[in-house]
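Put together the whole structure using the sequences plus the hints.
For the sequence shown, the working numbering assigns the number 1 to the initial residue and increments by one for each residue that follows.
In case anyone wonders, no lab produced these hints; they're calculated from the structure.
Capping the alpha-carbon separation at 25 angstroms, the derived lysine-lysine pairs in DSS-like fashion look like this:
1) Lys24 to Lys70
2) Lys54 to Lys2
3) Lys56 to Lys102
4) Lys56 to Lys2
5) Lys43 to Lys70
Label-pair restraints from in silico Cβ distances:
6) Gly49 to Lys24: 32 to 42 angstroms
7) Asp3 to Ala118: 31 to 41 angstroms
8) Ala118 to Ser95: 17 to 27 angstroms
9) Gln68 to Asn101: 42 to 52 angstroms
10) Ser8 to Glu105: 16 to 26 angstroms
11) Asp3 to Arg85: 34 to 44 angstroms
12) Thr100 to Gln17: 46 to 56 angstroms
13) Phe44 to Ala118: 18 to 28 angstroms
Ideal placement from N, C-alpha and C gives every residue a C-beta, glycine not left out.
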Amino acid sequence: MKDGSVWSVGIEARGLQFAIDRAKLSATLGADPALGTADNRFKFDAGFGLAYQKNKLRLGASVSQLVQSKLEFYNGTTTLSEEARLYRHYYLHGSYSWTTNKNIEITPNFLFIYLPNAPY
1 MKDGSVWSVG IEARGLQFAI DRAKLSATLG ADPALGTADN RFKFDAGFGL
51 AYQKNKLRLG ASVSQLVQSK LEFYNGTTTL SEEARLYRHY YLHGSYSWTT
101 NKNIEITPNF LFIYLPNAPY
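As structure tokens, this is what we get:
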């Protein structure tokens, strides 16, 4: 842009593989139904982000695991809140740089992460 600012957009596509080694778990857990019947799962997910930069200011926001794929390791009855799934992750970050003299630059930054059902 003419004022020196830059906008960036990012998209993400990812494949995730999850596997359970039942032989290592059966001695401890026995026939736990939470182990389900699937030994191996492959899931697709996606993400999206925006970033802004101008001079010494940088800001960005992104979200990953947009699809919120179900892991489906357990075949019993569960409620929506009990399902194993990939929950969305929300990120907000920023920084600003100050030049104190020709040899020192201070750049404080922040990163805020939000996940449903987890502390900030």
